[in-house]
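**Student:** Turn these sequences into a full structure, and let the hints guide you.
With numbering that gives the first Met the number 0, the residue at position 262 of the sequence shown is 261, and numbering never jumps.
Rather than coming from a laboratory, the hints here were simulated on the basis of the structure.
Since this is a predicted model, take the numbers as computed values, not measurements.
It is possible that some hints are incorrect.
Here are the simulated BS3-like pairs of lysine-lysine, each with C-alpha atoms no more than 30 angstroms apart in a straight line [stated by the list, open to error]: (1) K473 to K454; (2) K270 to K285; (3) K474 to K454; (4) K270 to K133; (5) K454 to K89; (6) K133 to K157; (7) K89 to K209.
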Amino acid sequence: MPVQREPLVLLHGWGCDSQTWQPLLHDLQQFGDLYAIDLPGFGGSESIPFAGLDTVLDLLAQQLPARAVLMGWSLGGMLAVALAARAPEKVSRVITLATNVKFVASADYPAAMPRAINRNFNQQFAADPHQTLKLFTGLLAQGDARERSLLKTLRGIKTGEPNTAWQDALLLLAQLDNRTAFAQLSQPGLHILTEADALVPVSAADELRKLNPHQHIEVLSDSAHAIHWSQPHQVVQLINIFLQPTPGVLDKCKVAQSFSRAARTYDAVAKLQRDVGQHLLQQLPKHLVPHRVIDLGCGTGFFSQQLRQQFPPAELIGVDIAQGMLDFARETHGDLATWLCCDAEQLSLADASVELIFSSLAIQWCTDTDRLFAEIRRVLTPGGVALLATLGPATLHELRHAWQQVDGYVHVNRFETAENLQASIAASDLVLADWQTEQRELHYDRLVDLTRELKALGAHNINAGKPGGLTGRKKIEAFKQAYEQFRRDDALPASYELFYVLVQAPWATSEN
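**Tutor:** Okay, structure coming up:
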């Protein structure tokens, strides 16, 4: 069954406007509110010159809701990817139709339209736009199993009068290179291509998989470039599957938003986090003299200042997925460190550029530990080390058990087992130098004290599969009664399973 999620924002391709989404509109409404945006100079949008990608993205970002699924076709799909990479806090997922990362081929990316053909088309449009649009409509239908009927339908759509913005958009389309943006996409993505597309070769599918194996690529047969007109039901079916939440899987955008909101309340309630971080600092190898240190998941910068004291000459970079946390850290600590907003699974750092990574109670929010440790391995210098503290699956088991007595929803964040983490470390070629496990128990007079503390930390339920809307009073009372079964010595316990991990990148070996 379709699931209501965030609003769905639709970006059309070149040579048309938001009316192009007609075949999908009825079915897409079941997923949430729809926003069909006309690109500048197309449809009802003002004819503003496409003065570069940044200008276009700024205009689009102003029209986005606070958080949405972004869906684009052709040029619209390329803009969707660029916008998702630029404003990840606003884009939860990305869907593209018949979209390449480069529309025009180059020596290092041949899976696109040949440059000579693109140049010829652009020159024809400049000389005779109306005749060229007829040719373009033919290309939209070319290769389709129902090419004649599809072409007739497309030619019956009013596209508006061409203007200078259309020529600007063609130039932008020829220049766009989304390879880096696509490779660094942290949001889930669905990218639908077709075998018979006359504008985007099917070989682009393999290139997309190589650039980002975590994006979902689908290839449909017997369809032309206008895939949403040719096979609307198949497109909707794929979107429906893609938008289904997976119980227990974290939503990265919600993680970032949750911790951003908690920036100003975090330090006041983070006693456990402080204790764990201090213990982790004591585990730092004594011989380290790093040139560059990363505080991964730096949050408010509390431990960044201690790392600065311990390694005064080093370049210090505080990394966090939550921009709100980084803003607070910058406000509080100034230029103590460079503050970098990115995902731990896609670090915006060069290969072999970091001698020390410190991370206290952050990596439990990662969704792909294979990818996480592969990134740590990538950025560490030979012999570089990462010292990490994270949570195990027994964390808050009382809270999980109490909710299980009430309903079947996911209420408590789920954390990786030691076995899974160690397997990911081994797969990354990192050396596991040390592993410690600790069990801690905090105590509360009232259950509300625990739940308020979790909210103030930004660590409340941010899983897919959680209940929607407000929880009713009867369920809340049943939950309280279930948790009371754990009360001992007039206090309610909250258990934490802690893993302290030291990994090292292999030393470079020289061949004799």
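**Student:** Hints broken by the structure, by number, lowest first?
**Tutor:** Result: hint 4 breaks, nothing else.
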